[in-house]
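All chains should be modelled from the sequences, with the hints used to inform the complete structure.
2 protein chains.
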Amino acid sequence: MDAGIIRERLRKLRDAMQENGIDFYLIPSSDYHNSEYAAPFFQVRAYFSGFTGSSGTLLVSREEAGLWTDGRYFVQAARQLKDTGITLYKMMVPGEPTVLEYLKDRMPEGSVLGFDGRTLAAETGVEYAKELQGKNVKFRYDKDLAAELWEDRPALPCTKAFVLPEDISGKPYLVKSTEVRAKMREYGTEVLFLAKLDDICWLTNLRAADVACNPVLLSYLLLTMDHAYLFVQPDALTDEVRAYCKENGITVMDYEKTVAHISGYAPTGNVLFDRSNVSYTVFTVLRQITLNRGHKLINRPNPTLLLKACKNETELAHTRETYLADSAVLTEFLYWAKHHAAGLTEFEIAQKIDGMRAEMPGFLDLSFDTIAGYGENGAIVHYKPEQETAARAEAKGFLLVDSGGNFKTGTTDVTRTIVLGELTEEMKKHFTLVCAAMLRLAEAKFPEGCTGRNLDTYAREVLWAEGLDYQHGTGHGIGFVLNVHEGPQNIRWKTAATQPDTPLQKGMLVSDEPGIYIEGSHGIRTENILEVREWKETEHGKFLCFAPLTYAPIDPEAIDPAYLSAKDKEALNRYHERVYELIAPRLKDAEIREWLKEVTRPL
Amino acid sequence: MDAGIIRERLRKLRDAMQENGIDFYLIPSSDYHNSEYAAPFFQVRAYFSGFTGSSGTLLVSREEAGLWTDGRYFVQAARQLKDTGITLYKMMVPGEPTVLEYLKDRMPEGSVLGFDGRTLAAETGVEYAKELQGKNVKFRYDKDLAAELWEDRPALPCTKAFVLPEDISGKPYLVKSTEVRAKMREYGTEVLFLAKLDDICWLTNLRAADVACNPVLLSYLLLTMDHAYLFVQPDALTDEVRAYCKENGITVMDYEKTVAHISGYAPTGNVLFDRSNVSYTVFTVLRQITLNRGHKLINRPNPTLLLKACKNETELAHTRETYLADSAVLTEFLYWAKHHAAGLTEFEIAQKIDGMRAEMPGFLDLSFDTIAGYGENGAIVHYKPEQETAARAEAKGFLLVDSGGNFKTGTTDVTRTIVLGELTEEMKKHFTLVCAAMLRLAEAKFPEGCTGRNLDTYAREVLWAEGLDYQHGTGHGIGFVLNVHEGPQNIRWKTAATQPDTPLQKGMLVSDEPGIYIEGSHGIRTENILEVREWKETEHGKFLCFAPLTYAPIDPEAIDPAYLSAKDKEALNRYHERVYELIAPRLKDAEIREWLKEVTRPL
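The listed protein sequences correspond, in order, to chains A and B.
First residue of the first sequence: 1, per the numbering used here; consecutive thereafter.
First residue of the second sequence: 1, per the numbering used here; consecutive thereafter.
Source of the hints: derived by calculation from the structure; they are not laboratory data.
All values reported here derive from a predicted model rather than from experimental measurement.
Fair warning: there could be bad hints in the mix.
The list treats identical chains as interchangeable, and a pair is accepted whether it falls inside one copy or across any two copies.
Below, simulated PhoX-like cross-link-like pairs (lysine-lysine); rule was C-alpha separation at most 25 Å, straight line [as the list claims (entries may be wrong)]:
no.: 1; residue 1: K445; residue 2: K567
no.: 2; residue 1: K138; residue 2: K246
no.: 3; residue 1: K130; residue 2: K296
no.: 4; residue 1: K396; residue 2: K338
no.: 5; residue 1: K567; residue 2: K428
no.: 6; residue 1: K542; residue 2: K429
no.: 7; residue 1: K428; residue 2: K396
no.: 8; residue 1: K135; residue 2: K296
no.: 9; residue 1: K130; residue 2: K246
no.: 10; residue 1: K130; residue 2: K104
no.: 11; residue 1: K569; residue 2: K429
no.: 12; residue 1: K428; residue 2: K542
no.: 13; residue 1: K12; residue 2: K408
no.: 14; residue 1: K176; residue 2: K160
no.: 15; residue 1: K494; residue 2: K536
no.: 16; residue 1: K428; residue 2: K445
no.: 17; residue 1: K536; residue 2: K567
Here's what the structure looks like:
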């Protein structure tokens, strides 16, 4: 993007600010639902700054403009902001002000901060309001200046919604809503407002494709004790979905008028909402309508969160089958990569696995952008190969591929690190330790009440003992035909004090993905998805265990048995035996079956 | 105790309640400092109820009386309360009311609840006040009715204080108080009130023997930015201690007048205190004097807590030597027990080890009542043998001995389970798994920031994998010439959400004491004390490790190598090799040295 264009856009933005009496205008990166990926419609910050990273905040005053982003993007942001007149502020770097510190320092007494309140997290807005009240700063948060200024702005995403049939969802909306209402009652509330898209989709059994990689429907939902109001774009609805909603007593309202509708709503009792999942605009409206009626606004995690996380038997059956199908395709890809990846770019390699998944029955979309990192790029945890800059794989070292799909019967996620040729002894050691780490967590037996904070060290112990570690969580929850990253459970040894630590429960899915990343050299990650199952009850308590959903070989060329305990070896042999048993019958090509037999042979 | 005597005491108590306008009188079990053990002076609940358990609350109204205690004491309490007219309320049993529920149910509008506010935790008092305000209940908390009614009441403990010399404490009071004041400043406070006895003793480097097994001085301390006021009984002070206080600018005040003095104190700024460690009386006075002056009362963990937990190099050197001396005596005891315990009672066995410790140089007291549990009594976690009821050990099964001492150079704690004769295969399996659990935690390497919640599973993993578990924490912090149970760190997989989870840090001491308890059959616990040390720094972070302080053999007769991994075996052999190296030179008796060589031989 030409810096002159950005300067011109900023000039127009400042004119509009002046017209609207706004002194500082804030542009966050989020959509209206704090989704993991923001659609082109929401790329307002990129439009006005030229900075295209996934995370960043632009702040424009009459004289200055600043962009805040994190360490992943310092180099890219500096390049893209050059000559735009926008100052780069580096997040989490000592001495650099935060957005709030900047505002506290620069905003004059009684000045006006403008922003589109639908794109700012409620928690952030509340904090800013509190911290800036001493300066008597006013908020103008009902104005999306991009609506007037952004020519050729892409449309709001609007894909056709569809119903997940009961033989797939395993639980009809009417049962789910009864369960949610029981929780509302337990919390002393009569109204629930949902803004989290995957929660709304889980509850209604509706799906769409409004967020990249997330099969969700842009919507809000207001649930009372006897009604449900679904705010959705009219064009998203088919006749089938309209009929389904009517049948289920769900009143359909216009998405674009959500705020206006809610503002006029008179709750009959306390209102339940999850402050970490609503925008500042929604929070403000909910507070107003609740207090107006003398009721309370109760801030608690959405009751849908835990219900959604614990998959029902039908969801589990579909998930298991979907992972077997996905694992078979991945196995074919691994065979292909071993033989053909050297010489191709990471981008081409990612295209290959993406194309293979796209041909699978029931394929909806990728569940996230495929990571294919060769050599030192494997050490960049959130690496995404771009066509222009992707590295070319050679017949040596490691290729790391983290990929997954959304299907009509489940959501997959898997990582394998593939040996393309010669390895150093250190690479083998690292690969073997990561393999042991992954297996040890998968083998865990633990009593009810255990959380990911307790269990994370099952994976890390073997790395820590060698002075190694990885700077990401060991695992995240996974949705069912929904988001690949789903709470509330996770496998992390450190969690924020404010984050509740949720015990693992039967039917939860978690990823198990330890890694080792050596900057400038190589990166290794091995990821299976696990299902939480009941194990046994003894006089010492009720115990749970994991069962793998993923069945794909772990490259034996990089295994150095010297770094495996007897138990590790046994666990790997047992796992590989099951991989062959379950996957071989799904492989059409006899040569690949033969190869699978070879790579899954016992150590 | 004759029930008639109790009824007579209750009659007099009710007369005194009437005279003082009190409708309900509450008698908790605590001393003024919420110490782990309450001195005879504080056994008011036992005096009025006849119930002598360590934990319980008596509530007396004009017509009724109730006693609340926990599961450990249901049988004993039912027996001791018989015919007294006091109703037993079982804590944590569904359907039984809590004290607060009882009060809410029974107290009439506007009635008066009396108690000695110095013996009630501030948190409890505040909760009661909040919950009973709807009924307009008034508190009369300045009246200790036992002061008038309890004839021959034992005196308040008052032992002679002594100074821990600098070559033992490693850090003079003036340095410690400077560190504490830096924390006070960081918290925006100018005054600190300390009620926690071990915190006061750590800060002042004073010790005494006012609480059983805790070498502490009954005292309060008020620290300002340039003064310190120590409230202490005049008789506790020797000339040496008076001179020491004067030298260090510590003004000595009368302990019995603490509340009166504090009530008249005018703080110059915000006041820091730790609500979980002060009584309701102290809290109320602090709140009053702070608000009177327009300052804030800041509730945070005592800044002494973490400073005390991280032992300095001098403390560590003394601790290491003290544990070696203690381990040598324990080894002699183990030899004795293997040969002579069968035929003796648990009480006599406890007397033996207690007597051996009492003869050690620098001995002050036991650090807790010795647990010597034979056979099925080993499965009772907090078992204490009494002369009349102790079981007699036989030449079979296990004897569990958990014991420790306070010395002028450290505080010890150690558990060994001793084989007295024939064992079942299951007993050997359990013993071996507990040994592996203990060693695995001891062998842990972990990055800075790790807490006991992360590491607890290092010990439990091997038990959980067999469906086994133990219902207590794996470890607690330990004081230096102070309390054997010391915070803030611990090794527990479950901690209350309200309890901060403190990362392990260099110089901290923790116990490592997994166990298996099979009711009616046997109990096993093996406990070493560990010191947290720096291990190494790599590109992945700064790592810590543990080093054992305890060096005593783990009975090889109960080890079944089938339940040990190669690493476990290696760790056990390495540990036993060090036990022999370090302890053999300290044993005078050649026969015991020979025996030690034998029991520490490699597997």
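A quick look at each hint next to the structure:
no.: 1; hint: K445 x K567; result: both (14 Å within a copy, 20 Å between copies)
no.: 2; hint: K138 x K246; result: neither (43 Å within a copy, 58 Å between copies)
no.: 3; hint: K130 x K296; result: both (20 Å within a copy, 20 Å between copies)
no.: 4; hint: K396 x K338; result: within (11 Å within a copy, 62 Å between copies)
no.: 5; hint: K567 x K428; result: both (19 Å within a copy, 21 Å between copies)
no.: 6; hint: K542 x K429; result: between (37 Å within a copy, 21 Å between copies)
no.: 7; hint: K428 x K396; result: within (13 Å within a copy, 51 Å between copies)
no.: 8; hint: K135 x K296; result: between (29 Å within a copy, 24 Å between copies)
no.: 9; hint: K130 x K246; result: neither (43 Å within a copy, 48 Å between copies)
no.: 10; hint: K130 x K104; result: within (11 Å within a copy, 38 Å between copies)
no.: 11; hint: K569 x K429; result: both (14 Å within a copy, 23 Å between copies)
no.: 12; hint: K428 x K542; result: between (38 Å within a copy, 24 Å between copies)
no.: 13; hint: K12 x K408; result: neither (45 Å within a copy, 77 Å between copies)
no.: 14; hint: K176 x K160; result: within (23 Å within a copy, 69 Å between copies)
no.: 15; hint: K494 x K536; result: between (29 Å within a copy, 20 Å between copies)
no.: 16; hint: K428 x K445; result: between (28 Å within a copy, 22 Å between copies)
no.: 17; hint: K536 x K567; result: within (21 Å within a copy, 27 Å between copies)
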